[in-house]
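Colleague: Spelled out, the chains give:
2 protein chains.
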Amino acid sequence: MNVLIVFAHPESESLNGSLKELAVDVLNDERHQVQVSDLYAMNWKAVLDKDDFPERMDKELFNPIAEQLNAVENDNIALDIKREMDKVLWADVIIFQFPIWWSNFPALLKGGIDRVFYNGFAFNVVEMKLYNEGLLKCKKGMLSFTTGASRELYTDKGPHGDIEVLVKYFNHLLFEFVGMDATYFAIFGPGEMSEEERENELDRFEEIIRNLP
Amino acid sequence: MNVLIVFAHPESESLNGSLKELAVDVLNDERHQVQVSDLYAMNWKAVLDKDDFPERMDKELFNPIAEQLNAVENDNIALDIKREMDKVLWADVIIFQFPIWWSNFPALLKGGIDRVFYNGFAFNVVEMKLYNEGLLKCKKGMLSFTTGASRELYTDKGPHGDIEVLVKYFNHLLFEFVGMDATYFAIFGPGEMSEEERENELDRFEEIIRNLP
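Sequence order for the protein chains is G and Y. If you want our numbering, it's the 1-based position in the first sequence plus 36. If you want our numbering, it's the 1-based position in the second sequence plus 36.
Mixed in with the good hints there might be a few duds.
Identical copies go unnamed one by one, so any copy, or any two together, can satisfy a pair.
[Claimed, not checked] In silico DSSO-like pairs for lysine-lysine, Cα to Cα no more than 27 Å straight-line: (1) K118 to K81; (2) K81 to K95; (3) K193 to K204; (4) K176 to K193.
Hints were generated in silico from the structure; no laboratory data involved.
Generate coordinates for the entire structure from the input sequences, incorporating the hints supplied.
Modeller: Structure (structure tokens):
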């Protein structure tokens, strides 16, 4: 099985970094193929802008979604983006490893989606290739994240609201939108944990990764 | 009244650009003070990273949330961030004008939040200054966005799910988290609209802006 891990934390020695390393080790141990896109280490360009489209269809008005489709159809995709698309096509499973910031991805990883999941590549709004017809169907996606707050704060009655609802939307409008099966793994409030509790969480993650997909 | 408009669309001639311009005109007309942060034009740095903290408290392990608090307490905030913080403090109302990409901000605007709404500035997790006690209380925030899809697709039974739930979480974990009152304005599927329908939407926006807050 081919697994792509997209990692986005500014500190490689963080818990997120440990989770990424653990996943690589376990997947290698299980004789899967693994590629890692470490977006901070790669100095990934986060921002979708006109520079991504040197050969624009419409040189007057910049419409990203139309230019994406045009770039795919004419094989005019910027090289850094093409490289990541190739990894996505290669992968059976894609894992995003990140800290939740403001209920979503860090900007750098958000820019991974904005700049790689092109119209015409991951979905197609013209031909309505979305959800069950999404262009990345048969692949599996996992959001693997840490939160600042503890689990108790992420309930229906808690201050942050129900994490299940939040993640349902997150996964639905991301992985499911492009046809993928979606799941998640969360570690809540690791900053407050004892060393033993952290080890238990790492063990829990290892078990899930060992039994992918 | 002081209004800060944070604008993030790569095309100034887009509908989002028109909405931003309209808001500026109407607010000036109503004799409010207006500042605009046009993140694409400013070439805003989207990515929170170690470079934001030249005088780190912990030079070994980079913990963004701890370094933010330290930077605020020691007045060591990077200049581009400080400038935006000053606008936030100045503002009574903050409007984010953007296209929804992947059910959230474009990466560039996500990086506006990641890099400006610091621990110790917008909230404080040590002193539990969150929600009703958030450090930006008494301010008002509006998410003003366009969507690719039409309104009918954003219902409980529709493919994308209920936009109200999505926006509730979005606003709750952003503006409400830092103590602000939150609202939103959405234009659904402008790409499919007739010129008249677009004009009606602009009129609807103008009315709301004219009656802020």
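Colleague: For every hint, state whether the structure bears it out.
Modeller: Here's how the hints hold up against the structure:
1. K118 to K81: Both, since 13 Å and 23 Å are each at most 27 Å.
2. K81 to K95: both (22 Å within a copy, 25 Å between copies)
3. K193 to K204: Intra 17 Å, inter 14 Å, cutoff 27 Å: intra and inter.
4. K176 to K193: Between copies only: 24 Å across, 31 Å inside.
The structure agrees with every numbered hint stated previously.
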